[in-house]
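Undergrad: First to last, the sequence lines map onto chains A and B. Following this note's numbering, the residues of the first sequence are numbered contiguously, the last one being 372. Following this note's numbering, the residues of the second sequence are numbered contiguously, the last one being 372.
Calculated directly from the structure, the hints in this document are not laboratory data. Careful: at least some of the hints might be erroneous.
If several chains are the same, the list does not tell them apart, and a pair holds so long as it fits within one copy or across any two.
Pairs of lysine to aspartate or glutamate, DMTMM-like flavour, derived with a Cα cap of 20 Å [as the list claims (entries may be wrong)]:
id, residue 1, residue 2
1, Lys325, Asp121
2, Lys113, Asp176
3, Lys325, Asp86
4, Lys113, Glu130
5, Lys343, Glu73
6, Lys159, Glu14
7, Lys105, Glu126
8, Lys105, Asp49
There are 2 protein chains.
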Amino acid sequence: MSQFSFQLEATDPETGARAGTWTTPHGPVQTPAFMPVGTLGTVKGLLPDQLRDAGAQMVLANTYHLALRPGSEVVRELGGLHRFMDWDGPILTDSGGFQVFSLAKLRKMDDEKAVFRSHIDGSLLELSPERAVQIQEDLGADCIMCLDECPPANDVPEKIRAAVDRTTLWAKRCRDAQKRDDQALFGINQGGIDEGMRTRSAEALVPLDFPGYAVGGLSVGEAPADMYRTLDFTVHQLPEHKPRYLMGVGRPVDILEAVCRGIDLFDCVMPTRNGRNAMAFTSSGPVRLRNAVHIRDESPLDPECDCIACTRYSRGYLRHLFAAKEMLGGILVSLHNIRFYQKLVHDLRIAVKSGTVAQFRANQLARWNAQP
Amino acid sequence: MSQFSFQLEATDPETGARAGTWTTPHGPVQTPAFMPVGTLGTVKGLLPDQLRDAGAQMVLANTYHLALRPGSEVVRELGGLHRFMDWDGPILTDSGGFQVFSLAKLRKMDDEKAVFRSHIDGSLLELSPERAVQIQEDLGADCIMCLDECPPANDVPEKIRAAVDRTTLWAKRCRDAQKRDDQALFGINQGGIDEGMRTRSAEALVPLDFPGYAVGGLSVGEAPADMYRTLDFTVHQLPEHKPRYLMGVGRPVDILEAVCRGIDLFDCVMPTRNGRNAMAFTSSGPVRLRNAVHIRDESPLDPECDCIACTRYSRGYLRHLFAAKEMLGGILVSLHNIRFYQKLVHDLRIAVKSGTVAQFRANQLARWNAQP
Chain A
1 MSQFSFQLEA
11 TDPETGARAG
21 TWTTPHGPVQ
31 TPAFMPVGTL
41 GTVKGLLPDQ
51 LRDAGAQMVL
61 ANTYHLALRP
71 GSEVVRELGG
81 LHRFMDWDGP
91 ILTDSGGFQV
101 FSLAKLRKMD
111 DEKAVFRSHI
121 DGSLLELSPE
131 RAVQIQEDLG
141 ADCIMCLDEC
151 PPANDVPEKI
161 RAAVDRTTLW
171 AKRCRDAQKR
181 DDQALFGINQ
191 GGIDEGMRTR
201 SAEALVPLDF
211 PGYAVGGLSV
221 GEAPADMYRT
231 LDFTVHQLPE
241 HKPRYLMGVG
251 RPVDILEAVC
261 RGIDLFDCVM
271 PTRNGRNAMA
281 FTSSGPVRLR
291 NAVHIRDESP
301 LDPECDCIAC
311 TRYSRGYLRH
321 LFAAKEMLGG
331 ILVSLHNIRF
341 YQKLVHDLRI
351 AVKSGTVAQF
361 RANQLARWNA
371 QP
Chain B
1 MSQFSFQLEA
11 TDPETGARAG
21 TWTTPHGPVQ
31 TPAFMPVGTL
41 GTVKGLLPDQ
51 LRDAGAQMVL
61 ANTYHLALRP
71 GSEVVRELGG
81 LHRFMDWDGP
91 ILTDSGGFQV
101 FSLAKLRKMD
111 DEKAVFRSHI
121 DGSLLELSPE
131 RAVQIQEDLG
141 ADCIMCLDEC
151 PPANDVPEKI
161 RAAVDRTTLW
171 AKRCRDAQKR
181 DDQALFGINQ
191 GGIDEGMRTR
201 SAEALVPLDF
211 PGYAVGGLSV
221 GEAPADMYRT
231 LDFTVHQLPE
241 HKPRYLMGVG
251 RPVDILEAVC
261 RGIDLFDCVM
271 PTRNGRNAMA
281 FTSSGPVRLR
291 NAVHIRDESP
301 LDPECDCIAC
311 TRYSRGYLRH
321 LFAAKEMLGG
331 ILVSLHNIRF
341 YQKLVHDLRI
351 AVKSGTVAQF
361 RANQLARWNA
371 QP
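Chain A with its partners taken away, still in its complex shape (with noise of 0.2 Å):
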């Protein structure tokens, strides 16, 4: 584990906001970091030169899809997903589980394992912690996630309270199932918005040491106030000098929010789910590409970024690609829209260094003109 090390550069004194460098096999990550979602080992339509154009350093590939599709023993023989996806930056794989229970059609979960369809083609699958680590292994990314159970937002408190107790006997077995050293493996958080399940996580999981911890099962339903509010209890259980994680979150305004409550690290597909659907983020608010009052309209996305689609394109010609179903069009606002969480997280350390988070905040949320 010796490949990896966190150091806090900065900490914001009133909101707890964090700047640090994450180092991994695969280089170092700055954060607070957003990492790009490359499901089936390619973030949809980009290349990994645009992604580093775009000031990514870390990305997400999920374990679920690729143990499908083409299936973790391939992308072992091809090389690893690095050499796979031709991303030689530090990449975290899920553990798979989140998709099980949202995506497959799961068929019996106990304490020992999880049994599955497949989306695809309806095939019987099983997914346990042991299984998990090994499929993360054969991936071979460098940051990989424990097994866990993440319960809708809206499930009942002894449901909760299961998922947390089974969550942590899976991070157990995670942990004692990991073979390579060159992987930092994460525990899972989870408690749904409860804080005295969250509690009780946090206090099952810090003891097992690992290097780095995930929040999870937040995002899935619930309010963003109650997000804010269980991060606000959960974060400071979490150790201080090992980097956290806040699974699949989300807006802009979410990442503010978790940031000044001293998360370091994010993924989600938004920016590129987005980004294909013609949704823009920008300094100013959304904006969305296929209204009609775009066609003729001269100016560009976003006039205060730096992006291929902001400095050579105009709207009308982003309007025009998705009026007409052109590739294009998702591809240039996936790569804006990366751009943009990108541009965030990097001010956003800035503003932790210099003590300016307050107002950052504060500016950020009036132009957006979103309320927390």
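Position chain B relative to chain A; hints supplied.
TA: Same frame as chain A, but now just chain B:
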């Protein structure tokens, strides 16, 4: 028209293959040249920098498609096609006639004009020679085309003759309608695969002194041998010191054979359309990347190619992208195929200049395992 000039640099005495430089208001084009097709103002899935990196010097856009979406006036208002699609090199637009006959529902055609229904929304539209020029002046390409009538390959002789004569009539009207002096308007030779008809067309068009000539009405269903034979008796009837453009052609072997008959310019959707469908042109022949044989294949798509797809990825990864319906598959193989076409015309140019055309042609045919 002083912004255009065509300098013949070498002609192969045996085959008539030529190497030249065609100067346009947006820069020179070294011939023989292949134009990637950007139907709606975008070569599907690719950015202009990627096209340039692949060696493309000039691109084609389709008048019919752009006239329907977003409309030629919109393109003009957004700064013209170069600004619109961020391609500052030379652009060629077709007249729109080919799609009116092939894609739209043609309602009526006489010597005056074609009346047709849009394939998008069924609206009733007209295309006359004057309108075709006006639309192309709005779009603002460097090279524009006369409206022609392109009959099917198997049409009866009287229909072919009528199309030749209407094409001549329309060529005169296009020439008279032209207002801009910074666009090269090409005449289009028609006449099916009949020597008499091709001669009739050439003898009528050449005196009109267009700055370049296209050969239309080929690659519309006739056998390759018929196309090559038609070029044999057509090309030498076109002016020697003007560029010659074979519209919509074709396979690599077609380009090789047509260059060896004195053609300078080409366009075809094949590299991009086939690329999106997982078919790659390689130095040893076509490769179908969906085939299961590639699942665990670590080798590059084409070891002789210097494109991103070939230098950074395995066949196994490319196969995975298509199996998983990921956009990046079509992007990478389109890029590769365009690079393959650009290298082909570049190598032909070198062969003409070095007097090795016959040898190059024999080598290529042997490698592709193809016979003309």
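Undergrad: So, for every hint listed, does it hold in this structure?
TA: Structure-based check of each hint:
Taking identical chains as interchangeable, the C-alpha atoms of Lys325 and Asp121 lie at most 20 Å apart only when they sit on different chains, with a minimum of 15 Å there against 29 Å within one chain. In the homo-oligomer, the alpha carbons of Lys113 and Asp176 lie at most 20 Å apart inside one protomer (16 Å), although the nearest pairing across protomers, at 78 Å, exceeds that limit. Within a single copy, Lys325 and Asp86 get their C-alpha atoms only as close as 28 Å, which misses the 20 Å cut-off; across copies the closest is 18 Å, which meets it. In this assembly of identical chains, Lys113 and Glu130 lie within 20 Å of each other by CA distance solely inside one copy; the values are 9 Å within and 72 Å between copies.
Proximity of Lys343 and Glu73 under a CA criterion of 20 Å is satisfied in neither setting, with 36 Å inside one chain copy and 36 Å between copies. In the homo-oligomer, the alpha carbons of Lys159 and Glu14 never lie at most 20 Å apart, since the shortest distance is 35 Å inside one protomer and 83 Å across protomers. In this assembly of identical chains, the alpha carbons of Lys105 and Glu126 lie at most 20 Å apart only when taken from the same copy (12 Å versus 54 Å across copies). For a Cα distance limit of 20 Å, the shortest separation of Lys105 from Asp49 qualifies neither inside one copy, at 36 Å, nor across copies, at 44 Å.
Going through the hint list in order, the structure does not satisfy hints 5, 6 and 8.
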